[in-house]
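Q: Just so you know, the protein sequences line up as chains A and B, in that order.
Take this note's numbering: the final residue in the first sequence is number 467, and no numbers are missing along the way.
Take this note's numbering: the final residue in the second sequence is number 427, and no numbers are missing along the way.
Be aware that one or more of the hints could be misleading.
Unchecked claim - With a straight-line cut-off of 20 Å between C-alpha atoms, the simulated EDC-like cross-links for lysine to aspartate or glutamate are: (1) B:K142 to B:E234; (2) A:K259 to A:D318; (3) B:K211 to B:E276; (4) B:K142 to A:E384; (5) B:K142 to A:D264; (6) A:K179 to B:E332; (7) B:K211 to B:D191; (8) B:K214 to B:E234; (9) A:K179 to B:D219; (10) B:K214 to B:E276; (11) A:K256 to A:D318.
Stated by the list, open to error - Just the calculated beta-carbon pair ranges, DEER-fashion: (12) B:S190 to A:W321: 27 to 37 Å; (13) A:R176 to B:G227: 43 to 53 Å; (14) A:R176 to B:S381: 41 to 51 Å; (15) A:I377 to B:V221: 25 to 35 Å; (16) B:R140 to A:L245: 23 to 33 Å; (17) B:V296 to A:G123: 35 to 45 Å; (18) B:L322 to A:V153: 33 to 43 Å; (19) B:D219 to A:N398: 23 to 33 Å; (20) A:N96 to B:A200: 33 to 43 Å; (21) A:I377 to B:G227: 28 to 38 Å; (22) A:Q376 to B:D219: 23 to 33 Å; (23) A:G151 to B:D219: 27 to 37 Å.
Hints listed in this document are in silico derivations from the structure and should not be mistaken for laboratory results.
Where is the CB? At the ideal position from N, CA and C, for every residue including glycine.
Now for the letters of each chain:
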Amino acid sequence: MLAAIFDNPSVMIVLTGALVGTAASLVGTFLVLRGNSMLSDAISHSIVFGIVIVWMLTRQQSGPVQIVGAALTGVFTVFLTELLVSTRRVKNDAAIGLVFPVLFSIGVLLLNIYARNVHIDQHTVLLGEIGFVWLDTVDIAGYPVPQALLSMGAMTLANLAFVILFFKELKLATFDRSLARALGFAPGILSYALLALLSGTAVAAFDSVGAILFIAFVIVPPSAAYLLTDRLWLMLVYGCAISIMSSIAGYWLAVSLNVSIGGMMAVMTGIFLLAAFLAGPRYGMIAQIVRRRSRERANECRTLAVHLYNHEGGPAQDEENVAAALHDHLHWDETRARHVLRQSIDQGLVVRDGDALALTERGRVEARAILEPWRQEAV
Amino acid sequence: MLEFLSDYTIRNVALGAALLGLISGVLGSFAVLRRQSLLGDTLSHAALPGVCLGFIVAGTRDLGYILGGALITGALAALFMLLLTRNSRLKTDAGLGISLSVFFALGVVLLTWIQSTGNAAQGGLDSFLFGQAAAILRSDLWIMGGITAAALAVVAAFWKEFKLVTFDPVFARTLGLPVLVLEIALTVMIALAVVVGLQMVGVVLMAAMVIAPAVAARQWSSRLEVMVLLSALIGMISGMAGAIVSALGRGLATGPLIVLAASAAVGFSLLFAPGRGIVWEMIRRARNRRSLRSQRVLTTLYRLAAHHGDSAYPSEQGMLDTYHGIATVSVMHRLQDRGLVQPVVHAPEPTPHWMLTPDGIAEAERILATLGKREA
């Protein structure tokens, strides 16, 4: 049974993709909420520098040393960025955009000079090759387990443990940084720890999806989750769920179209985001439009009630309080007038007697509530 | 050297790099001032699917189609970002990151799709990722030059409007300027700069070319006119420097070298630009600190003398050190050079002592008077 799973490349690939997505969106959630998602862009580029340096020092292309090296590189990147900002001569966004290209450039040049024969070529840097993860395996209890799956699994566990252990602290530091500082929770250290984990995850995911596609896994699923819920833990769960679904759907599509698997997985996260953006229950575009429409309708019903109330018992009642007046005096077109009238009658605000329109008692209360709001009446 | 510069490829590369520096320097100034530095990063990554689409449509590596495609997807990415941030609760940073990564992923998918169809002409497409300056042809230069000229012409024609939108969009709106149109124009033109830089530095490093020359130039001037000109100049020089070093060295990629040259310009400007330079500020601070310290020591001497009712009261060096918590020898020697104090011997003690000169008394009284005024 287990052997069948480990011998099946498809399962391995999908599993690796799902782990990349889960690990990334666990940390990414906090980045998105804090409004510095672009740090993931900076970090994922500059770990190239870290990878080359660690490789030159230890000749190891992956494994724990690389992950620690990457964590240091990530923290170094953010430290440099903050140093630039603290000179008060460069704005935050420009500082991010200045630091990582330098580190990335140095990394690429070092690759050019020293590392012509390693497999970290420029292509891997950008795209990774998740399709080959099952080629590089280690034996564990007689099963061939892919190296990438091991390191991604370790990073996922580390991120999960961090988020669970420090859930309260992270929540506080994310939503009320000053309070966290005042209570002595050291939000700065917490956020550096978060970024170190992000960098470690980036280097573990490097072989599979490369530096740039990784950004998609960090930012997009949490953003989609953010459009679906207001609860932090639900946002984490949704983010992971979206990552896993993207991995499965992306793999299936990529294989049937014969294109990059990692790329397709990242595209799928975008598709899920688009779906959440359009059809999310509360913040989705469609929900917003429906809500706006229904508010407009309700307003129109109230307008009608006020109109009828104004002319009730007045000299122009026969002329104003008739269906045709909606068109002539309120300048509503035929369909709009009919809709409003039907809704008002359905809601019991208005009754119709042939052509004449009359307010019900409820309609009168509604109209008075608008015209004379100081008069509190029980509806 | 002249012979070297007359080399056909190198001349092309240097010219291309200069064009890139020119356009990204000018347009980057506006982006940096409008706090949209990372827009360049998003637009350049989003150019990748456009490169692939252009290739698919043209069927060959035709630069016109490829750059056209890059421009279109870059603009689409910017639009997508605006749509996301305006209509949902996602903030700008998330919008930028989403556009960047999803468009880039789309590009990767298209790239591998082209590779799987086995079109023999696709070999050069990879070069747009990291840039491959040596592959630039004379005909490519004409296209890049045309784009640069067009962008510069637009900037020159709408200079006043762009300036106003950059510094005070609210005021611009009250004047009845079409602010949204102008902002879109600036964004699209950054996409133009990106397009020019694709072949030179590639999609990954293009962000730096938009930001670095502008940030460097900003340190030297607070006037937009000067800043834009300087930024263009810095962009051109670092572009050509990177290109030439790359041509001299063996197998060093052009893009990273150009970016490093531009970043070096930023580092130099941050440190040494007159007025704003960090080094000058540090010197200024050290000088202030020193003058404050000598003022404090001088007034201490004065107060000691006043307390003892003896204007020639000799104060002991060690006591002064203890009083101020620092070694004051150097301060005393500086004061002595200015003729404000003089060393005295206070037998039988062998340690150095100091007393105020008449000038020193006058100076200390002047300091105390201004202090008193401030305290009052």
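Q: Keeping to a limit of 20 Å between CA atoms, is the pair of K214 of chain B and E234 of chain B held or broken?
A: Cα-Cα ~11 Å, so holds.
Q: Using the beta carbons of I377 of chain A and V221 of chain B, state whether their distance is inside 25 to 35 Å or not.
A: At roughly 29 Å between Cβ atoms, V221 of chain B and I377 of chain A fall inside 25 to 35 Å, so the hint holds.
Q: Taking 20 Å as the top limit, are the C-alpha atoms of K142 of chain B and E384 of chain A close enough?
A: violated, 28 Å
Q: Given the hint that K142 of chain B pairs with D264 of chain A, does the C-alpha gap stay at or below 20 Å?
A: holds, 17 Å
Q: Does 28 to 38 Å hold as the CB distance between I377 of chain A and G227 of chain B, or does it fail?
A: With Cβ atoms ~31 Å apart, the hint holds.
Q: When you take the CB atoms of G151 of chain A and D219 of chain B, is the distance between them in 27 to 37 Å?
A: Since G151 of chain A and D219 of chain B have Cβ atoms about 54 Å apart, the given range 27 to 37 Å is violated.
Q: Given a hint of 23 to 33 Å, does the C-beta separation of Q376 of chain A and D219 of chain B actually sit inside it?
A: Holds, at about 31 Å.
Q: Does 41 to 51 Å hold as the CB distance between R176 of chain A and S381 of chain B, or does it fail?
A: Violated, at about 31 Å.
Q: Kindly confirm whether 35 to 45 Å is satisfied by the beta carbon distance between V296 of chain B and G123 of chain A.
A: Between V296 of chain B and G123 of chain A, where Cβ atoms are some 38 Å apart, the hint holds.
Q: Given the hint that K179 of chain A pairs with D219 of chain B, test it: the Cα-Cα distance must not exceed 20 Å.
A: holds, 18 Å
Q: Is 27 to 37 Å right for how far apart the beta carbons of S190 of chain B and W321 of chain A are?
A: violated, 58 Å
Q: Please check whether R176 of chain A and G227 of chain B have a Cβ separation lying inside 43 to 53 Å.
A: violated, 35 Å
Hints 4, 7, 12, 13, 14, 19, 20 and 23 from the list above are not met by this structure, while the remaining hints are.
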